[in-house]
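Protein chains in written order, with our numbering: chain A, 675 to 987; chain B, 603 to 1116.
Keep in mind that the hints were calculated from the coordinates and are not lab data.
There's no promise every hint is true.
Examples of chain A residues toward chain B, derived with CB under 10 Å [what the hints assert, rightly or not]:
#, residue
1, R842
2, L845
3, G846
4, Q862
5, A956
For each label pair, taking beta carbons as the anchor points, the in silico distance ranges come out as [stated by the list, open to error]:
#, chain 1, residue 1, chain 2, residue 2, range
6, B, F960, A, V966, 53 to 61 Å
7, A, S865, B, D666, 39 to 47 Å
8, B, A735, A, F838, 44 to 52 Å
9, B, R972, A, P949, 54 to 62 Å
10, B, R978, A, V966, 47 to 55 Å
11, B, D666, A, A976, 33 to 41 Å
12, A, G863, B, A735, 22 to 30 Å
13, B, D950, A, L765, 26 to 34 Å
Please read these numbers as outputs of a predicted model, since none were measured by experiment.
Glycine is no exception: its CB is placed at the ideal position from the N, C-alpha and C atoms.
Listed below are the residues making up each chain.
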Amino acid sequence: MEILDILLSATFWAAAVRIATPLIFATMGELICERAGVLNLGIEGIMAMGAFTGWIAVYAGADLWAGVGAAFLAGMLFGLLHGVLTAPFGLSQHVVGLGITLLASAVAAFAYRVSLPQVTNPPKIEPFQAVAPALADFPILGPALFAQTPLTWAAFAVAGLTAFVLWRTPLGLAVRAAGESPEAVAAQGLSVNGLRIGAVMVGSGLMAVGGAFLTLSAFSSFFFEMVNGRGWVCIALVVFGAWRPGKALLGALLFAAFDALQVRLQQTPMGADIPYQIFLMAPYALSILALVVMSRRAAAPAALMIPWRKGER
Amino acid sequence: MSESEGGGEIVLALRGITKRFGPTLANERIDLTLRRGEAVALLGENGAGKTTLMNILFGQYAADEGTVEVFGRPLPPGRPRAALEAGIGMVHQHFTLAENLTVLENILLGAAPLAGLSLGRGAARARLAALSAEYGLKVEPDARVAALTVGERQRVEILKALWRDACILILDEPTAVLTPQEAEALFATLRRAAAKGLSLVFISHKLHEVMAVANRVVVLRRGRVAGAARVAETDARRLAAMMVGAEVERPVPAPRAPGEPLLSLDKVSTPPSGARPGLRRVSLDLRAGTITGLAGVSGNGQAALAALVAGAARPAEGRILLAGGREAGPGWSPRAALREGVGRVPEDRKREGVVADFTLAENAMLEEYRASPFSRFGWLSRRAARARAEALIAEHDIRCPGPEARIRLLSGGNMQKLILGRALAPGPRVILADQPARGLDVGAVAAIHAKLLAARDGGAAILLISEDLDEVMSLSDVIHVISEGRLSPPFARGEMSAAALGLRMAGEGFADAA
Chain A
675 MEILDILLSA
685 TFWAAAVRIA
695 TPLIFATMGE
705 LICERAGVLN
715 LGIEGIMAMG
725 AFTGWIAVYA
735 GADLWAGVGA
745 AFLAGMLFGL
755 LHGVLTAPFG
765 LSQHVVGLGI
775 TLLASAVAAF
785 AYRVSLPQVT
795 NPPKIEPFQA
805 VAPALADFPI
815 LGPALFAQTP
825 LTWAAFAVAG
835 LTAFVLWRTP
845 LGLAVRAAGE
855 SPEAVAAQGL
865 SVNGLRIGAV
875 MVGSGLMAVG
885 GAFLTLSAFS
895 SFFFEMVNGR
905 GWVCIALVVF
915 GAWRPGKALL
925 GALLFAAFDA
935 LQVRLQQTPM
945 GADIPYQIFL
955 MAPYALSILA
965 LVVMSRRAAA
975 PAALMIPWRK
985 GER
Chain B
603 MSESEGGGEI
613 VLALRGITKR
623 FGPTLANERI
633 DLTLRRGEAV
643 ALLGENGAGK
653 TTLMNILFGQ
663 YAADEGTVEV
673 FGRPLPPGRP
683 RAALEAGIGM
693 VHQHFTLAEN
703 LTVLENILLG
713 AAPLAGLSLG
723 RGAARARLAA
733 LSAEYGLKVE
743 PDARVAALTV
753 GERQRVEILK
763 ALWRDACILI
773 LDEPTAVLTP
783 QEAEALFATL
793 RRAAAKGLSL
803 VFISHKLHEV
813 MAVANRVVVL
823 RRGRVAGAAR
833 VAETDARRLA
843 AMMVGAEVER
853 PVPAPRAPGE
863 PLLSLDKVST
873 PPSGARPGLR
883 RVSLDLRAGT
893 ITGLAGVSGN
903 GQAALAALVA
913 GAARPAEGRI
923 LLAGGREAGP
933 GWSPRAALRE
943 GVGRVPEDRK
953 REGVVADFTL
963 AENAMLEEYR
973 ASPFSRFGWL
983 SRRAARARAE
993 ALIAEHDIRC
1003 PGPEARIRLL
1013 SGGNMQKLIL
1023 GRALAPGPRV
1033 ILADQPARGL
1043 DVGAVAAIHA
1053 KLLAARDGGA
1063 AILLISEDLD
1073 EVMSLSDVIH
1083 VISEGRLSPP
1093 FARGEMSAAA
1103 LGLRMAGEGF
1113 ADAA
């Protein structure tokens, strides 16, 4: 069985975890936004912005981690814009989000053209290296864990941190309450808009770091359209994960495993007879299926997408 | 005012509070003091200014004039956080709980500084258990609030306030949503809290509750303190008189012999909906040339009764009889009601009366759009709609930019004039006027009342539903009181005093009263 061979191969697992990394960052970012009551459809563009910012910073001579930091800051900036438009101004979260995606993608492309006007082949940078190549020979788990770059490890840490902050700290409780019942937050004298803007900024920062993984770890250069719908997948992953970081992390790994699988299936003898588009489509089709099955009972934050205006019920 | 007696330090003092909303004076120079361990009831009809006053105290509104002092220190206006920190806890009429969070999470929300590293659930659970036991407020800390009954949610709200070491607890209409048993349990809790030295402000319009809980009663009427008394030294009758006030002199409509019944309910019952009671074997005749007033505290079955008359509901038991004794069968619907000449002025004018983003012209034809002249061979005639709107504007003195203006832009009074005008235009036999003057300014109220009286003199049968007892008493030829879904027998104009009606509204004097 070819599938069995693939599932037992070490490179498959390594690829799955690698593919999952940007999804984990961006899914956690989206989850934080939605927990605070704000659907952030700017995710696709913010990831592109993060990919560009991180890469151009390193290309200009910055340290790799400084590149990640630059991407985070760029994401927060767009998050600020999104948060201000949707929280105090109470504009439609759909329209603002799509607008941010268009704006951020365009700004990234424009800034690329302005900074490198004459280049046809995008220049490469020296990307993150595997954490512990010496341990990567360990069967199966070795490549999946140790052939990864530090950003992948950071992604898992971010998922744990997100869960901890949202469920174990007063701030996280306030953020979740802002997405469930802004009235309850306001009745405690806390600022609903402040919490929402803050959550959208941090969440957008994480989305941008997810984008930066693509340029600083996966591909080592920037090209247009490189985010390639990953942001939209993360929106679905948040629903799939029922707005819980643990389940969303699992969902990201599952999606990435499908993706890694379809690439390998294309190369099998069976794959030669089937149009490759079918394989490309498979992870998305399976995601939709899983979404239907998993999210039937999931309860979205009660105040998601509902602007809060003081004194209105 | 008898506020000086009684021991204990003064924990709360409101002095000269005045609050205006536009031209309306919601509170006018109100003074109120509260001592340690005292339970003060703030009694008044709907719209008397009770809730406004408490929202000022809790910092949700800033008063235009006057000061609030807590433990002798002035409270900065308009800041709920400051009120919380000063030791004021408020249990709102509409709870402020997040339904998808647990009881414990709701209580902890905002209780600790946001920068803290831990929620401290373990310690919190222990403290919650201790508080629950101390005040007899049983809650399950890890239950989601969505799974709790209304009474349990209220306990969470009270615990939230106690958790924050509130010394002054404000309860806004706390029993409005409770069953009688839950209300009894609440009273026991409140007595216990007062015995422990908490001070309570209890807002209500139900006399017997006030008598059961409070030491002292302050009666508000039209935004002013109408009187105050110690509960031990007064009785329900005197309080009712204070609450309703001396009857305002209004022109008495010329008496008219009652005509034939044009719509009757015959021993009609409906199932309860949520916390609202259904009707219990209600019989009612709406007669030609008669205004039948329905007095009662909101939420006692008025909505169910209005829905029957408007065709929006059919009775579970009993019959609806139309003019000439025909029974309204299973086809009784809003459209059937319109066909039978029932004109409707719904309770919620903005949601049910109009389509807010449609123009006046569109709204003017909303109930007749299918008929000529508004519709011919399936085509709408905008010209006819416009002509109707212009006629209504002229006849009812509707102040507006014109027939093509969106009706959302109109004031409540002008919107209501259009709704009433639209209902009157086809010459209805029966008119359902549900809270026709609620929230309107004096001029609009007078205009609406004049039109209703004119329709009555023209032979229409009018059902007037209102929470404003003055309105019911001055307009109605016949008055029924509704309480807990039961309807009193009809009382002729002037047969019952306001105080007597008030007691009925509070549920006394019914055959099966508890």
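Against the structure, the hints:
Taken as an interface hint, A/R842 checks out: its beta carbon lies about 6 Å from the nearest beta carbon of chain B, inside 10 Å. Because the beta carbon of A/L845 sits about 5 Å from the nearest beta carbon in chain B, less than 10 Å, this interface hint is met. About 8 Å separates the beta-carbon of A/G846 from the nearest beta-carbon of chain B, less than 10 Å, and the hint is met. At about 3 Å, the closest approach between the beta carbon of A/Q862 and any beta carbon in chain B falls short of 10 Å, and the interface hint on this residue holds.
Interface restraint check for A/A956: the shortest CB-CB distance to chain B comes to about 34 Å, outside 10 Å, so the restraint is violated. Checking the proposed 53 to 61 Å range against B/F960 and A/V966 shows it is violated: the Cβ atoms sit about 38 Å from each other. Our hint of 39 to 47 Å for A/S865 and B/D666 is violated, since their Cβ atoms are close to 25 Å apart. Take B/A735 and A/F838: their Cβ atoms lie about 32 Å apart, and the range 44 to 52 Å is violated.
At roughly 55 Å, the beta carbons of B/R972 and A/P949 sit within the given window of 54 to 62 Å. The hint said 47 to 55 Å for the Cβ distance between B/R978 and A/V966, and at roughly 49 Å that hint holds. Restraint check, B/D666 to A/A976: a C-beta distance of roughly 35 Å satisfies the suggested window 33 to 41 Å. Under the hint 22 to 30 Å, the C-beta atoms of A/G863 and B/A735, about 28 Å apart, fit the expected range.
Between B/D950 and A/L765 the Cβ separation comes to about 27 Å, which falls inside the hinted range of 26 to 34 Å.
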